[in-house]
Structure formats: structure tokens, C-alpha cells
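Undergrad: Generate the whole structure from the sequences, applying the supplied hints.
The listed protein sequences derive, respectively, from chains L, G, X and F. Per numbering that gives the first Met the number 0, the first sequence starts with residue 0, numbered consecutively. Per numbering that gives the first Met the number 0, the second sequence starts with residue 0, numbered consecutively. Per numbering that gives the first Met the number 0, the third sequence starts with residue 0, numbered consecutively. Per numbering that gives the first Met the number 0, the fourth sequence starts with residue 0, numbered consecutively.
Heads up, a few of these hints could be off.
What the hints assert, rightly or not - Pairs of lysine-lysine residues, derived as DSS-like cross-links and limited to a Cα-Cα distance of at most 27 Å, are as follows:
| # | chain 1 | residue 1 | chain 2 | residue 2 |
| --- | --- | --- | --- | --- |
| 1 | F | Lys279 | F | Lys258 |
| 2 | F | Lys225 | X | Lys225 |
| 3 | G | Lys49 | F | Lys212 |
| 4 | X | Lys222 | X | Lys128 |
| 5 | L | Lys252 | G | Lys252 |
| 6 | G | Lys49 | F | Lys161 |
| 7 | L | Lys279 | G | Lys251 |
| 8 | X | Lys274 | X | Lys260 |
| 9 | L | Lys294 | G | Lys194 |
| 10 | F | Lys186 | L | Lys49 |
| 11 | L | Lys194 | G | Lys294 |
| 12 | L | Lys49 | F | Lys251 |
| 13 | X | Lys216 | F | Lys161 |
| 14 | F | Lys222 | X | Lys186 |
| 15 | X | Lys128 | X | Lys193 |
| 16 | L | Lys321 | G | Lys252 |
| 17 | X | Lys216 | X | Lys251 |
| 18 | G | Lys252 | L | Lys279 |
| 19 | X | Lys193 | F | Lys258 |
| 20 | F | Lys225 | X | Lys215 |
| 21 | L | Lys107 | G | Lys294 |
| 22 | G | Lys49 | X | Lys251 |
| 23 | G | Lys107 | F | Lys128 |
| 24 | F | Lys161 | X | Lys193 |
| 25 | X | Lys128 | F | Lys186 |
| 26 | X | Lys161 | L | Lys49 |
| 27 | L | Lys294 | G | Lys279 |
| 28 | X | Lys193 | X | Lys216 |
| 29 | L | Lys321 | G | Lys107 |
| 30 | F | Lys186 | X | Lys186 |
| 31 | L | Lys107 | X | Lys251 |
| 32 | G | Lys49 | L | Lys279 |
| 33 | L | Lys49 | X | Lys222 |
| 34 | G | Lys279 | L | Lys251 |
| 35 | F | Lys193 | X | Lys212 |
| 36 | F | Lys186 | X | Lys225 |
| 37 | F | Lys193 | X | Lys186 |
| 38 | L | Lys107 | X | Lys225 |
| 39 | L | Lys279 | G | Lys321 |
| 40 | G | Lys49 | F | Lys279 |
Calculated from the structure, these hints are not laboratory results. Only a predicted model underlies this, so the values are computations on that prediction, with no experimental measurement involved.
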Amino acid sequence: MSTKKYAVAIRDVLQQEMQRDERVFVMGEDIAEQGGIFGCTRGLMEEFGKERVRNTPISEAGFIGAGVGASLTGMRPVIELMYMDFTYVAMDQILNQAAKIRYMYGGKATLPLVIRGQQGIGRGNAGTHSQSVEAFFTHIPGLKVAMPATPADAAGLLRTAIRDNNPIMFFEHKALYAVSGEVPDDPDFSIPFGKAAIMREGADVTVIATSLMVSRALEAAEKLSGEGIDVEVIDPRTILPMDMDTFVGSVKKTGRALVVHEAHRTMGIGAEIAAELTEKAFVYLDAPVARLGAKACTLPFSLVLENAVVPGVDDIVEGVRKICYR
Amino acid sequence: MSTKKYAVAIRDVLQQEMQRDERVFVMGEDIAEQGGIFGCTRGLMEEFGKERVRNTPISEAGFIGAGVGASLTGMRPVIELMYMDFTYVAMDQILNQAAKIRYMYGGKATLPLVIRGQQGIGRGNAGTHSQSVEAFFTHIPGLKVAMPATPADAAGLLRTAIRDNNPIMFFEHKALYAVSGEVPDDPDFSIPFGKAAIMREGADVTVIATSLMVSRALEAAEKLSGEGIDVEVIDPRTILPMDMDTFVGSVKKTGRALVVHEAHRTMGIGAEIAAELTEKAFVYLDAPVARLGAKACTLPFSLVLENAVVPGVDDIVEGVRKICYR
Amino acid sequence: MDNKRLEWIYKTMLTIRNFEDKALSLFESNQLRGSVHLCTGQEAVAATVCSHLRDEDYITSTHRGHGHCIAKGAEPDLAMAELMGKSTGYCLGRGGSMHIADVTKGNLGANAIVAAGLPIASGAALSAKLRGTDQIAVAFFGDGAANEGAFHEALNLAAVWKLPIIFVCENNQFGISTHVDVSTSVKDIAVRAKAYDIPGEVVDGNDVFDIDKAVKKAVARAKAGKGPSLIECKTYRWYGHWTGDPQVYRSKEDVEIWKQKCPIKRLEEYLREHKILTEKEMEKMHSDASSQIDAAAEFALSSPDPDPATVLENVYFEN
Amino acid sequence: MDNKRLEWIYKTMLTIRNFEDKALSLFESNQLRGSVHLCTGQEAVAATVCSHLRDEDYITSTHRGHGHCIAKGAEPDLAMAELMGKSTGYCLGRGGSMHIADVTKGNLGANAIVAAGLPIASGAALSAKLRGTDQIAVAFFGDGAANEGAFHEALNLAAVWKLPIIFVCENNQFGISTHVDVSTSVKDIAVRAKAYDIPGEVVDGNDVFDIDKAVKKAVARAKAGKGPSLIECKTYRWYGHWTGDPQVYRSKEDVEIWKQKCPIKRLEEYLREHKILTEKEMEKMHSDASSQIDAAAEFALSSPDPDPATVLENVYFEN
Ligand SMILES: Cc1ncc(C[n+]2csc(CCOP(=O)(O)OP(=O)(O)O)c2C)c(N)n1
Ligand SMILES: Cc1ncc(C[n+]2csc(CCOP(=O)(O)OP(=O)(O)O)c2C)c(N)n1
Ligand SMILES: [Mg+2]
Ligand SMILES: [Mg+2]
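TA: So, in C-alpha cells, the structure goes:
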């Protein structure tokens with residue numbers, strides 16, 4: 000075990016996987032000399048050179064498309080998007096090409112590709128640089144979607160992603176980069192996709208939270224334990240595949256569930272979880288599955304406003320109380 | 000009243016609104032001489048000329064962006080996208096620009112803009128030309144989203160869209176263009192956004208269906224009435240705003256609901272409807288709200304397969320029986 | 000050009016011509032459906048360009064892709080079966096006409112999204128460069144595609160990274176109904192090469208020799224590590240944008256003029272004149288191509304539809 | 000150039016310079032936060048270009064937009080308040096530095112998405128054309144933006160439709176840490192004009208007169224209905240990409256060389272030499288600009304944060 004920051008955990012896995020497999024290469028904006036504007040590729044250019052640690056022009060559709068082509072022909076590209084919001088300028092290459100090619104070619108093409116980058120609030124970057132856009136990539140079949148909430152998960156899930164033979168969207172969080180945690184040193188340490196993590200056991204309510212919201216949910220759980228509400232906190236870790244079994248198992252015990260994410264509540268992944276969980280665990284539910292997510296407005300620049308838009312610890316506390324009818 | 004096809008209903012409203020308001024103009028690929036590949040702009044170039052009925056290069060991000068700019072500066076563009084699947088190459092202009100500008104500018108900009116076009120199955124157009132992509136546009140705040148299922152709704156909702164001062168995504172369906180129906184002749188005939196249509200009253204189960212699925216739901220309802228199951232069929236008509244009140248009212252009566260759409264089931268608009276309806280009508284529900292949507296694979300070219308992917312009448316019948324525990 | 004390659008080009012063009020004619024007649028007799036975009040009249044481009052490629056070289060193609068696919072080694076029977084959405088087709092009936100691919104033969108796929116293949120081809124060229132092979136990539140695209148952002152991004156990437164790739168524009172003067180003059184700000188799309196500091200050349204897309212000369216240079220440049228080239232082939236499609244296009248945007252006379260410029264006839268004249276093939280040999284090749292395509296149609300027609308029970312297969316690679 | 004315009008340009012540059020310096024010092028003293036991209040060193044472009052525009056003409060700007068906004072008539076106090084996310088800012092604190100807009104003054108907005116403003120500006124020019132006015136539009140963008148698909152699509156649209164628009168590229172040699180040589184396949188971005196058959200010109204972006212000459216031509220061309228022009232202004236940003244950039248990608252010496260080419264100093268020399276302004280007048284203008292910006296900072300600092308209760312306002316126009 001080593002204690003390291005989330006950003007460093009990512010960097011280290013990139014380095015190890017590049018050492019292990021020369022088909023792995025990274026490209027993206029400002030990832031070479033600069034080491035990525037969040038430092039996730041720091042030192043890699045020095046070790047692997049500018050061919051394998053490749054600065055790109057500001058041409059997201061171009062270089063994601065190039066990733067698709069490189070992947071189809073034997074390479075294993077790992078692409079950094081500076082902000083995952085920029086997927087919008089490359090959506091066709093992600094949703095129509097990367098996600099669909101294997102299926103449309105009758106299973107005769109293999110497309111190992113990771114698109115990784117950060118998203119979310121925390122820096123008051125305003126409407127086009129603070130979004131949480133993961134939900135888009137779960138609607139069109141063919142991608143897998145990971146959302147690590149801890150340094151260890153970042154490392155373990157990223158290794159799985161790089162070794163997977165499918166196109167993967169890997170959502171880091173800007174506000175988590177500086178968070179430290181224990182990460183196993185084993186250079187094969189990996190975490191399978193589709194296995195949720197029970198972050199805290201509890202008997203009364205299930206809170207399913209993703210990414211930055213995991214720590215807020217844990218904090219809320221502490222507060223609620225003071226009120227005699229025993230909260231179970233679950234982090235799905237990957238939202239496609241989704242570990243519905245673990246959610247159902249928890250709800251069979253608690254009878255109540257709240258889903259919390261930073262993306263907009265409307266049509267966020269909470270909608271899918273709530274709908275599916277209700278269908279699978281209807282008879283066990285003592286209250287409807289509730290959802291918290293960003294309010295229905297663009298993420299504002301002002302931090303005062305940004306904080307008002309995204310669920311905070313108190314909102315989670317309130318949300319749990321509500322489904323406990325307290 | 001006149002009997003006309005869905006495509007003609009759209010064409011006629013475009014014509015009338017262009018006559019009424021010279022700020023309205025249309026642009027898109029092959030909409031001039033060709034009149035649009037589905038005929039929705041037929042004859043307009045002859046009447047209004049090539050400036051106001053403008054063929055564009057194949058540059059969707061470019062001309063949708065141009066629509067944003069024209070709209071901000073006093074025009075009321077109506078843009079045809081040949082296939083709504085092509086939103087993927089213009090997502091940034093739609094989700095980051097059109098949807099957000101008013102909010103990001105502190106309410107000091109107004110953006111009347113309609114992006115309309117067809118989507119869906121029926122022609123076996125394969126993975127990138129048969130999708131139903133409406134859900135994407137409900138997650139990011141700032142747009143309104145319409146999905147007319149009949150010629151009258153196409154006319155009434157399109158008029159509302161063109162006269163609205165907000166950016167609007169208008170989803171037609173390729174398989175509906177040739178369907179005929181009665182359309183009021185009143186050149187001001189319009190249908191407000193956010194008001195669902197109860198297409199068939201029923202006491203036992205609520206089926207909420209969109210676009211092409213409305214007629215399938217009605218057919219299923221007929222079949223089920225033979226089994227003594229009395230189905231209420233509701234068409235939301237716009238999915239943003241969403242007329243949740245009508246759904247809740249119906250479920251208070253029936254105690255059961257099934258949502259049917261052609262988009263993929265996972266993260267389709269059914270997830271939002273199911274989650275929200277459950278939260279609002281939990282105590283009235285005798286069964287979990289169920290969902291039907293396209294299976295989790297790319298839309299295949301083969302019509303045999305295409306039909307296997309998207310809900311058919313029998314699937315709806317089966318889905319209704321299931322939530323009636325029969 | 001040596002005679003062997005010339006014969007290969009001729010044979011390939013005949014195969015494409017027959018394939019397209021058969022697809023049209025099957026469409027007209029309701030035995031085939033879908034958005035079928037025929038490249039009849041444009042055969043010289045696919046055949047001549049691909050005569051320079053080996054199996055290990057890559058192409059990306061377009062919605063109008065049958066010619067490219069055949070020239071890059073596709074079996075007509077598997078291709079025709081795919082057009083019919085049969086389980087025996089290249090994509091098991093999942094892709095249809097617009098997604099025929101055979102990665103083992105370097106065909107990275109037709110593509111139903113205009114210009115989407117260009118960045119993908121650049122990526123294949125990048126892959127070759129990273130792996131240190133002498134493979135090259137070719138991106139085929141239409142005049143209409145040259146106005147998409149993906150065109151620009153792919154060409155800049157390829158140029159700045161000096162990738163071994165050739166961008167081949169088939170300028171058939173129309174994107175559906177829209178004439179290139181209405182959509183495109185330059186008379187010659189090849190001029191756009193200047194925006195990337197790469198060679199750009201206009202060639203007669205119905206003349207095998209003219210195309211050949213330009214491609215030869217571009218291949219040499221790619222293999223020498225000097226980067227991409229842009230070749231614009233002026234040509235024309237004989238039929239509508241797709242089967243069933245009313246063609247309100249052009250006159251029968253224009254089509255007739257271009258039919259006179261048939262690339263196959265032109266090559267035949269040369270072969271005849273230079274006594275490379277006898278009349279009889281040419282006739283034989285015609286009838287061989289025709290029988291091959293008849294057999295392909297037979298194969299496709301007699302193939303089963305895919306089994307709906309398999310529809311969820313191949314969404315993911317199972318690790 | 001007449002003296003009045005020259006004075007306006009000078010004054011505008013001083014305002015911009017002071018605005019940026021103030022923003023930096025407020026940032027450094029933790030009184031202002033966010034992704035703040037300063038245009039110090041590049042002031043000549045915004046000021047000279049906008050000296051040709053009236054309120055009814057349009058601009059679109061970028062993430063590095065303070066200069067454009069001020070030159071297009073933004074009040075420094077409302078702009079500074081927006082940088083601080085205050086309720087009195089242009090966007091009521093919703094947009095921040097990267098979204099300052101004032102549609103009433105023809106400023107269609109800074110834009111945090113690289114190159115996204117170019118199609119929007121083309122649309123404004125189309126709007127002017129459709130409404131039959133003599134308004135023109137200017138799209139400002141950086142060297143990095145010239146590799147985005149949106150650049151290509153916007154320029155082609157504008158050219159083929161002969162829209163009254165000027166594309167003004169501020170080539171400050173870097174997109175964040177990436178030098179233009181690494182990202183861009185041409186030495187001069189102005190060369191890309193050839194890809195649209197429009198005039199493209201390279202000018203010294205630190206020389207008011209050089210910029211002025213090119214813009215004058217471009218404005219005349221736009222108003223004559225002849226379509227767009229592309230002007231590339233070679234310049235340099237003195238500070239990091241954003242406040243807090245470690246600038247590992249360039250040397251202090253390079254920055255020093257460019258500081259010697261300060262556009263304001265250069266204009267001052269001219270004004271002095273040609274006795275257009277006295278030393279005293281210039282000093283006065285300096286101190287006026289400085290006080291104006293001090294007052295703007297005061298205004299911003301003393302303005303209230305937005306009220307969270309209003310956060311859901313203005314998502315939609317209420318019909
Ligand atoms: C992104 C995108 N926009 C539009 C279309 C619809 N479309 C299909 S083919 C075509 C015309 C393409 O013209 P060109 O590139 O010249 O190829 P050609 O058909 O002439 O071979 C269009 C507009 C599409 N498939 N993808
Ligand atoms: C679509 C998109 N990609 C990437 C970014 C991140 N980004 C912001 S500014 C910038 C550099 C822009 O360079 P340039 O256009 O030269 O402008 P400059 O900063 O030099 O003024 C980048 C990559 C973005 N905001 N939008
Ligand atoms: Mg064409
Ligand atoms: Mg720059």
C-alpha cells in the first residue's frame with residue numbers, strides 16, 4: 000500500500016500499463032511537457048517520448064476518431080479529454096463510431112480504447128466546464144462507463160479499463176484529484192467493472208452515490224447516525240455495467256433508497272437506478288426510491304450559486320429524512 | 000379540418016409561419032430544390048426563395064451554430080436536420096450554446112430556434128440512421144423537446160415551437176410521415192407544450208407512449224380490452240416540459256403504469272417518467288411502473304432484427320399483462 | 000503502369016459495375032432494400048487507388064462504399080448478402096450497405112456518417128507509424144464531406160503528425176441534391192491541401208492513368224514518412240444519390256454526357272489500342288464478372304435472415 | 000487613420016491593460032477566482048478591430064475575451080463584477096470571465112468552448128444579410144481554435160454564402176502549453192483562407208497600423224457583399240495561459256523579447272513622434288484608465304453575491 004493522491008494514482012497506472020504493453024499510448028491536449036493540466040500524465044513524456052505521449056491539436060473529434068482508428072488496427076489508445084464536457088464536440092466519434100463499430104461489423108472488430116478526463120464542480124468553471132455528463136454514455140449501447148470516487152478505485156478501475164477490449168468512458172472528478180488515499184502497490188491491482196462498493200454498512204436506508212457525492216453521502220450518514228438513522232452507502236463505481244444486484248440486496252434489508260449524483264437530476268443516472276430498482280425490489284420498498292441531482296439550470300460560475308445547484312451534505316440528510324418520513 | 004399527411008402538416012405550418020413572420024426562415028441539407036428528402040419543405044423555395052429556404056453544406060455544427068447566431072440577432076431560424084442522429088456532430092452547439100446561452104448571459108439573450116427532423120425505425124437504416132435520440136436533450140437544462148405522434152400534433156406543436164422564444168428540439172418520426180389525419184385549418188391552431196394527450200381512456204392500466212409507439216399502444220389496448228383489461232393510453236407530446244400531473248392523475252385511477260418508447264430502454268425517457276411517477280404516486284401503485292424500450296444493442300440493418308429490438312404491439316400487450324400480474 | 004496491374008484494375012471495375020447493376024435490379028424487383036448508394040460511373044477511383052494497396056494497408060470508406068470494399072478485397076457474395084441484411088453478410092446483417100468492413104483485409108469500414116471515416120483513417124495511419132510498419136491508409140470521401148469539421152481535423156492531424164495517409168476525394172459534383180458550387184467555397188477541393196501544407200492534386204476521376212500517377216506519388220510520399228496527400232478525383236455518379244432518387248437537381252443530358260465518359264469504356268479503348276487484352280479476353284472478363292455477381296446474388300438471396308435470438312450478441316467483446 | 004480613432008484605440012488599449020492587471024492583482028490577492036485568461040500584450044487587436052465597428056455590428060469572443068468585450072463597449076465595472084461572479088455582473092454572476100456578453104452592444108459573447116463562436120458569428124452575419132442591413136460581424140479566435148472543425152465549417156459557410164464577416168485570428172503562438180508548430184500544419188494560419196477562396200492576411204498583431212490596414216479592407220469587402228476575410232494577427236500573451244500557469248513550455252527570455260514589442264508602447268511612440276498627444280495628455284489617459292479600473296474593482300468588490308434563491312431564474316424565456 001502507498002498513500003497517494005487520486006491524480007497520482009491515475010498517473011501511476013498509466014505509467015505501469017505503458018511499461019507493460021507497448022501498444023498502450025496516451026494522447027490529448029497539453030499532456031506532454033505540461034503533463035496534463037491536472038498532472039495526470041506528468042513525467043510520462045520524459046519516460047516514453049513524444050510519440051507515445053502525444054500532444055494533440057485542439058481537435059477532439061479528430062483525435063478521438065484517430066483513437067478509434069488506432070484501436071481498430073492493434074493499438075490501445077488512452078485519450079485524455081481535458082474536460083469531459085468536450086465530449087460534445089466529439090459525440091459522433093464516441094456514440095456512432097466507437098460504441099457501435101463492433102456490433103455493426105458483426106462482431107468482427109475489436110476496439111480497446113479509453114477516453115478519460117475530469118468533470119464536475121469545485122472550481123466554479125461555469126456552464127460548459129462544470130458539467131457531469133456520464134449519463135449520455137449509458138444510453139447508447141456499446142460503451143462501458145466508470146466513475147471512480149477514491150484513489151484506489153481510480154487505480155483499480157483504470158487498469159481494468161486499459162486492459163479491457165472495449166471502448167470505455169472513464170470519468171474522473173476535478174475535485175477529487177487532490178484527495179489522498181491508500182492504493183495497493185501490486186502492478187496488477189485491478190477492480191472489476193460492475194461491482195459496487197459498500198462504503199458503509201447500515202440497516203435503515205440505502206444511499207447510492209457516485210463520484211464526489213460518495214464522500215458527501217458518508218458525511219451525511221455520520222450526521223444521520225446521530226439521529227438514529229443507520230445509512231448504508233453504496234458506490235456503483237461503474238454505471239455501465241451497473242451492479243443492480245448489490246442495490247437490490249441492500250434495499251431488501253433497508254426498504255428505502257436515495258440515489259445521489261452531481262449530474263442534473265432530470266435524466267441523470269439516478270432515473271435509471273430508481274426505475275430499475277423499483278421494478279426489481281418493489282415489494283421491499285417502504286418509500287419510493289428518491290433522487291438527488293443538480294437542479295434544472297446550467298451550472299453557474301458563482302461558487303455561491305454552484306453550491307446551491309448541486310446536492311450538499313445537508314440535502315442528502317434532508318433527502319434521507321424524507322424517505323424515512325421524518 | 001383537412002385530412003393530410005404528417006409530413007404535409009409540417010410543411011403547411013412552415014409555410015404559414017413563414018408567411019406570417021418574415022423573421023422565420025428555414026435551412027438544412029437538401030431542403031431547397033429537393034424540398035427535403037422527406038418532403039417537409041416541398042414548394043417552400045419556390046414561394047420564399049433561396050435566401051429564406053437555404054440549402055446548407057454538410058456542416059451540421061456550422062449551420063446549427065449559425066442558427067444560434069441568427070437567432071440571437073433577431074431571426075427565428077427553423078433548422079432541418081436530415082436525421083436527428085446527426086445531432087451528434089453538432090452536440091456542442093446544441094447543448095453548450097443553444098441550451099445555455101440565455102442562462103449564462105444572465106437572462107439577457109433570447110434564442111428562438113427550432114431544430115427539427117426525423118428519427119427512428121421503419122426503414123432499416125441501421126445503427127446511425129435509426130436511433131431515437133430525444134433523451135439527450137432533456138438532461139441539459141435550457142431546451143424544450145417535442146415528439147408529435149399525429150398530423151394534428153405535428154402541426155399544433157410545430158406552430159407553438161416556432162412562436163416560442165426558446166430553443167426547441169422537434170422530433171418527427173420517419174415512419175409517421177406518410178400517416179394521414181385530420182388537422183384544423185385555423186392558421187393559428189397550436190398545441191401548448193407540457194400538455195399530454197389522453198388518446199384512449201381506460202380504468203385498469205396506464206400506458207404512456209411516445210411518437211411511433213402511440214399507435215402501437217393503442218393497438219395493444221384494443222387487444223387487451225378483449226381480455227378484459229381496460230387500458231388508458233397517454234401521449235406526453237412534449238417530454239420537456241413533461242405533463243407529470245396527467246400521468247399521476249391517471250395512475251391514481253389505474254394503479255399501474257407502463258412507459259413505452261422506441262429509444263433504448265436504458266436511460267430512455269421512461270426512466271425519468273418511471274422514477275418521477277413512482278415518487279409522486281407511490282401509494283397508488285399496485286405494481287412497479289414498468290418500461291419498454293429498444294434492447295441494449297445498436298439498431299441493426301436487417302428488418303427482422305430491427306423489429307426484434309424495438310417494442311412491438313405484442314411486447315406492449317405482454318408488458319401490460321405483467322404489471323397486471325396476469 | 001504494368002499490364003498486370005492494369006488488368007487487375009479493369010477486372011475490379013467490371014466487378015464493381017456488375018455488382019452495382021445487380022444491386023439496382025434487385026432493388027427494383029424488391030428483393031433488396033435500404034439506403035443503397037451506387038457508385039456506378041466512379042469505379043476508376045476505387046480500383047486504381049486500391050491497386051496500390053496491399054492487404055495490410057488500410058482504407059476507410061463511405062455510404063457510397065461498394066466499390067471501395069470490392070477493390071479492397073471484399074467477396075461480392077458476402078457483400079451482397081450484407082446489402083440484403085442476411086446472416087451470411089460481412090456484418091451478419093447488422094450493418095447493411097453502409098457498414099461493410101473487413102478489418103482482416105484492411106477495410107476499416109464503410110461509414111454512414113459523412114466524413115466520419117477521415118479521422119479513423121488518420122488513426123490507422125498513426126497506428127502504423129507507432130508500430131513502425133510501412134503500412135499506409137487511404138480515406139475515401141465525397142465532395143460534400145469536405146465541408147464537415149471532421150475533414151479539417153483529420154487533415155490537420157495527419158499533416159502535423161506526418162502520417163502515411165492519402166485523402167481521396169471523389170468529387171461527383173453533388174451531395175445528394177446539392178451542387179458543389181452551392182456548398183463549397185472553392186472550385187477545386189484539392190486547393191484545401193494548402194490549408195495543411197500538403198500536396199493537393201486534381202485528377203480526372205474517370206481516367207485510370209491520371210489517378211494512377213497521382214496515387215503513385217502520394218504512396219511514395221506516405222512511405223517516405225513525408226505525410227499525407229490530398230487527391231481530388233473529378234467524376235460523376237450515373238444513378239441517383241440513392242436508388243429511388245427523383246433527381247430533380249440535374250438534367251438527363253448531363254447524365255448522358257458523363258455516361259460518354261465511362262471509365263470502363265475508356266480503359267477498354269486503351270487496352271484494345273495497346274493490344275494488352277484481346278476483344279475476346281475482355282468479353283470473357285465481362286462475362287466472368289457477370290457470373291460472379293450472379294452467383295453472389297444467388298448466394299445472398301438463398302441465405303437466411305439473421306436469427307432474432309442472436310440480436311444481442313456482439314455488443315461487447317467478452318474479455 | 001484619423002486622430003480621433005487613434006486616440007480611441009489608445010484609450011481602449013489602456014483600459015484593457017489596466018483591466019487585466021487589476022484582474023491579475025485581485026486574483027493574486029485571492030479576491031477574484033476562476034479560469035481567468037488575460038490578454039495582456041494582445042490589446043492592439045481587440046482595440047483596432049473594434050474601432051471599425053458600430054454598436055450594431057457583432058462580435059463573438061473567446062475564453063480570452065476581456066479585451067474584445069471592453070473594446071466592444073463593455074462597462075469595466077460590470078465586467079469586473081462578472082469576473083467575481085457578483086450579482087451586478089453582466090451575466091448576474093452566472094457566466095464569469097468566459098461568458099461576458101452584451102447583445103445590446105453587439106457583443107454576442109465570450110465563449111468557453113474553443114472555436115464555438117465562429118459559427119455563431121457567421122449566423123449573426125447571415126442574420127444581417129437576411130434582414131438587409133449593413134451590419135457586419137467579427138469572430139475573434141486563437142491559433143489553437145483554427146484546428147477545430149467549427150473553424151472550417153464556419154469559414155466555408157461564410158464564404159459560400161458571402162456573409163459580411165471578418166475572422167480575426169490572434170496567433171499568440173500557443174494553445175495553453177502547445178506551440179502552434181506542434182498543433183498546426185501551416186506556418187501562417189492566414190494561408191487557410193485559400194481553402195475558402197477568401198482573402199487571408201498576416202499582420203503584426205502588435206502594430207495598430209498594420210492591423211488597421213487589413214481590417215479596413217475586410218470591412219469594405221464585407222459591406223460590399225463580397226464575403227468574409229481572414230486576418231491573422233501575430234502576437235503574444237505576456238502572462239500564462241491562465242493565472243497560475245507554471246509556463247514550463249516557454250522561457251522567460253522569450254516573454255521578455257515580446258514585452259519589448261508592447262503594442263501600447265509602440266503606439267505611444269507614434270503618438271509622441273507625430274505630436275498627436277502630448278506627454279501630459281498620455282499620462283492623464285493612463286491615470287484615467289487606472290482610476291476607472293480601480294473604481295470598477297471597487298464596484299465589483301462591494302457588490303453582493305447572487306442570491307441562491309434566484310438560481311433557477313432565466314433558464315427559459317417565459318413566453
Ligand atoms: C453527418 C452527416 N450529415 C448528413 C448525412 C446525410 N447524407 C448522406 S450522404 C450525403 C451526401 C454526401 O455527399 P458526398 O460527400 O459528396 O458523397 P456522395 O454521396 O456524392 O458520394 C448526405 C448529406 C450523413 N449521412 N451524415
Ligand atoms: C472544445 C474545447 N477544447 C479544449 C478546450 C480547453 N482550452 C481552453 S483554451 C485552450 C487553448 C486555446 O488556444 P488558442 O485558441 O490559441 O487561444 P489562446 O488561449 O492562445 O488565446 C484550450 C485547449 C476548450 N475550452 N474547448
Ligand atoms: Mg458527392
Ligand atoms: Mg493561442
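Undergrad: Run every hint past the structure and note whether it holds.
TA: Structure-based check of all given hints:
Distance restraint check for Lys279(F) and Lys258(F): the Cα-Cα separation of roughly 24 Å lies within the 27 Å cut-off, and the hinted pair is therefore satisfied. Annotation: proposed proximity of Lys225(F) to Lys225(X) is violated, straight-line Cα distance about 37 Å (limit 27 Å). Taking the CA atoms of Lys49(G) and Lys212(F), the gap is about 35 Å. The hint is violated against a cut of 27 Å. With a C-alpha separation of about 10 Å, the suggested pair Lys222(X) and Lys128(X) falls inside the 27 Å cut-off, and the hint holds.
Using a Cα cut-off of 27 Å, the hinted pair Lys252(L) and Lys252(G) is violated, with the two alpha carbons roughly 31 Å apart. With a C-alpha separation of about 14 Å, the suggested pair Lys49(G) and Lys161(F) falls inside the 27 Å cut-off, and the hint holds. Between Lys279(L) and Lys251(G) the CA atoms are separated by roughly 22 Å; this keeps the pair inside 27 Å, and the hint holds. Between the alpha carbons of Lys274(X) and Lys260(X) the distance comes to roughly 21 Å, so the proposed pair stays at or under 27 Å and holds.
Restraint check for Lys294(L) and Lys194(G): satisfied, since their Cα atoms lie roughly 22 Å apart, inside the 27 Å limit. Simply put, Lys186(F) and Lys49(L) have alpha-carbon atoms about 21 Å apart, close enough for the 27 Å limit, and the pair holds. This hinted pair checks out: Lys194(L) and Lys294(G) have alpha carbons roughly 22 Å apart, not beyond 27 Å. Our distance criterion of 27 Å between C-alpha atoms is met by Lys49(L) and Lys251(F), whose separation comes to about 24 Å.
The straight-line distance between the Cα atoms of Lys216(X) and Lys161(F) is roughly 36 Å, outside the 27 Å bound, and the hint therefore fails. A threshold of 27 Å between alpha carbons decides the hint, and for Lys222(F) with Lys186(X) the separation of about 24 Å falls inside it, so the pair holds. With a CA separation close to 23 Å, the supplied pair Lys128(X) and Lys193(X) stays within the 27 Å bound. In summary, the hint linking Lys321(L) to Lys252(G) is supported, as the alpha carbons are separated by about 25 Å, within the 27 Å threshold.
Between Lys216(X) and Lys251(X) the CA atoms are separated by roughly 37 Å; this puts the pair beyond 27 Å, and the hint is violated. This hinted pair checks out: Lys252(G) and Lys279(L) have alpha carbons roughly 23 Å apart, not beyond 27 Å. About 33 Å separates the Cα atoms of Lys193(X) and Lys258(F), which puts this hinted pair outside 27 Å; it is violated. Restraint check for Lys225(F) and Lys215(X): not satisfied, since their Cα atoms lie roughly 39 Å apart, outside the 27 Å limit.
Between Lys107(L) and Lys294(G) the CA atoms are separated by roughly 21 Å; this keeps the pair inside 27 Å, and the hint holds. Distance hint between Lys49(G) and Lys251(X) is fulfilled; the C-alpha atoms sit about 24 Å from each other, no more than 27 Å. A threshold of 27 Å between alpha carbons decides the hint, and for Lys107(G) with Lys128(F) the separation of about 24 Å falls inside it, so the pair holds. Proposed proximity of Lys161(F) and Lys193(X) is supported: the alpha carbons are some 21 Å apart, at most 27 Å.
A threshold of 27 Å between alpha carbons decides the hint, and for Lys128(X) with Lys186(F) the separation of about 24 Å falls inside it, so the pair holds. Proximity of Lys161(X) to Lys49(L) is assessed by CA-CA distance (about 14 Å); at most 27 Å being required, the pair is judged to hold. The straight-line distance between the Cα atoms of Lys294(L) and Lys279(G) is roughly 18 Å, inside the 27 Å bound, and the hint therefore holds. Straight-line distance between C-alpha atoms of Lys193(X) and Lys216(X) comes to about 17 Å, which keeps the hinted pair within the 27 Å bound.
In summary, the hint linking Lys321(L) to Lys107(G) is not supported, as the alpha carbons are separated by about 37 Å, beyond the 27 Å threshold. A threshold of 27 Å between alpha carbons decides the hint, and for Lys186(F) with Lys186(X) the separation of about 24 Å falls inside it, so the pair holds. As the CA atoms of Lys107(L) and Lys251(X) are separated by approximately 42 Å, the hinted pair breaks the 27 Å bound. With a C-alpha separation of about 56 Å, the suggested pairing of Lys49(G) with Lys279(L) is violated against the 27 Å cut-off.
The straight-line distance between the Cα atoms of Lys49(L) and Lys222(X) is roughly 21 Å, inside the 27 Å bound, and the hint therefore holds. Between the alpha carbons of Lys279(G) and Lys251(L) the distance comes to roughly 22 Å, so the proposed pair stays at or under 27 Å and holds. Taking the CA atoms of Lys193(F) and Lys212(X), the gap is about 25 Å. The hint holds against a cut of 27 Å. Distance check on the hinted pair: Lys186(F) and Lys225(X) sit about 17 Å apart at the alpha-carbon level, within 27 Å; holds.
Straight-line distance between C-alpha atoms of Lys193(F) and Lys186(X) comes to about 11 Å, which keeps the hinted pair within the 27 Å bound. Taking the CA atoms of Lys107(L) and Lys225(X), the gap is near 32 Å; set against the 27 Å cutoff, the hint is violated. For the suggested pair Lys279(L) and Lys321(G), the alpha carbons sit about 13 Å apart, so the restraint of at most 27 Å is met. Annotation: proposed proximity of Lys49(G) to Lys279(F) is violated, straight-line Cα distance about 58 Å (limit 27 Å).
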